[in-house]
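Visitor: Protein chains in written order, with the working numbering: chain A, 26 to 284; chain B, 6 to 334.
Take the hints with a grain of salt, since some may be wrong.
Claimed, not checked - Estimated spans, in silico, between C-beta atoms of each pair: (1) A/ALA120 with B/THR143: 51 to 57 Å; (2) B/GLY287 with A/THR121: 45 to 51 Å; (3) A/ASN118 with B/GLY97: 29 to 35 Å; (4) B/GLY156 with A/ILE238: 32 to 38 Å.
Claimed, not checked - Simulated crosslink set (DSSO-like; lysine-lysine; CA at most 30 Å straight-line): (5) B/LYS128 with A/LYS208; (6) A/LYS208 with B/LYS269; (7) A/LYS208 with B/LYS75.
Calculated directly from the structure, the hints in this document are not laboratory data.
From the three backbone atoms N, C-alpha and C, an ideal C-beta is built for every residue, glycine too.
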Amino acid sequence: MSEPRSSLVIDSPEDLWRSSTRRSFLRLLGVGGTIALAPTLFAACSGDDNNPVQPNGGGAQLDLSTDIGIFNYAYALEQLEAAFYSTVVGAANFATLFTDTNERELLTDIRNHEVVHREFLKAALGSSAIPALALNTTTVAALTADRATILKNAQSFEDLGVAAYNGAGKQLKDARNLLVAGKIVSVEARHAAAIRDARDTTGRAFAGDDVVIGGLDVKMEPAAVLARVTALNLVTTPISVAKQQTDAATADQPAPVAS
Amino acid sequence: MTSTTNVPILDAIDPEITDRLVTRRAAIAKGAAVGSTVAMGLAMASVPVALAALSREAFGQGTALPADIKAVLDFALALEIFENEFYKAVLGTSGSAAQNAAFVGVRASITGAALATVQQIQKHEAQHVAFLEQQGATSALTATDFDFTGGRGSGNGPFKPATTDAAFLLAVAQGAEDTGVRAYKGQAGNLIGNNDTTHNAVLEAALRIHSVEARHAARIRRIRRLAMGAPDVVRLSGTIRGGGAAAAGATGSPSADVVAAFGKIYGGATPESNTTHVVFNGSAEASINAASLSGIMGGTDAVTEAFDEPLTKAEVIAIVQPFFIPSLA
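Produce the entire structure from the sequences given, and follow the hints as far as they go.
Guide: Listed below in structure tokens is the structure:
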């Protein structure tokens, strides 16, 4: 039996997608250990913190026992995706990084769709919406450094989005809300397939054997998705689960981390 | 672990599943074959993994699947058999020599990565058929029950060009996949039940098949756009722009019957061009027109692409009936 470590140091954004880092992170969350960010990352966070933690209820609190809470969970993920693609497409060097017009169409489309998803969920949630999430600009810069890095992280984001919606659908109590989630998740799956295909020459990666197993796509419970988001160190606004989901969790088939 | 520690775990699970687990557990103890996920879960001594897989496979015994679930899964199985047999005919691996012969003209022009894609998709459709049957869905359909020209047995329906023209074949495949995505989406609400574990498990599995079909449709769009001269309504992001027949982006000069069929595939009571979506906040319903939101980019095109729309069961049957020789009604 291995001895659980009581601390974990995250040195670089690259560490954050790694499963070994995530495993340590999850283990530490479970035993109340300490997680330290290396000084460069930590310093980068402090300057971006526009939403200081307030005692008793600051940040983004999710009540996963209600449809509203599940929509807020989706809203949080869509905010991250929209921010990622907005950074990519809005960058002054977008056309330099992506000289192929087909790739620019792909990423611009996805940026547009994720922004629509974010704004739609925000409107649907109204006064129940969690706040806009503040991002760690150092992490954003690292995730969008160059073409290969962007496409790789886009793949991880899209597969994670598919897994998150597939895992959360059963929590929705109202058929209208489930339908809306269904309208969005298949678009995320289209994105995932398109990004995977843009990085692929085999013709199989769009729904590769790493992501579709026994004919079934990835799925993850909210806790596993949020742990991955936390480990990414992308969000400086604290995200917490105020109330757990009411419907029983099922076994995860985690979204793979792109390499 | 003693047997008594199993009791509270099983008590937390739907009683209907628990009953089945008892017999299933006895069967496993006697050395009955179990699916790979159960075996993996047992090998890993992972109770949640094994339990989740068991509760799924337990329904493979197929005695008393709740009627609402059975209806949805039987419908899904018919569509999956259709897709599976279609791709097998294209690849020349159908159990029916006549189906293989029908596509001999187009087969040689599907090569390289496009061929690998068709093989990967067919593999998934076969897995979906097997999975649904394992859950207790039933169907009497076989390879010879289909007419992939859309002629209900004449072999000379409006989709016959798919047997000789690769670009048209892939447009049809795209339509079949998008019909699948829309069909599952339309049925999801029928799987909510009482939010019990039985319904939740089936709903989740249906969602996980649904997103696979969407991946398929996206890749087919990219092949058509990048290699087969499809217009830019066929998005490289794999998404559906607009609605009605135009959303198919068919090339060449499709016949009026084909245009009408694509009109149904991307149309319906809630067409793919729809931009208004309904949510319920626990006390009130709200209709939100996403095209009217501030802060969005890409105009109405992007809004239609950002949401896929459902088809009703009747709409799906109207689309696929010409390809099925037996009546689906």
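Visitor: Output the numbers, in ascending order, of every earlier hint that fails for this structure.
Guide: 3
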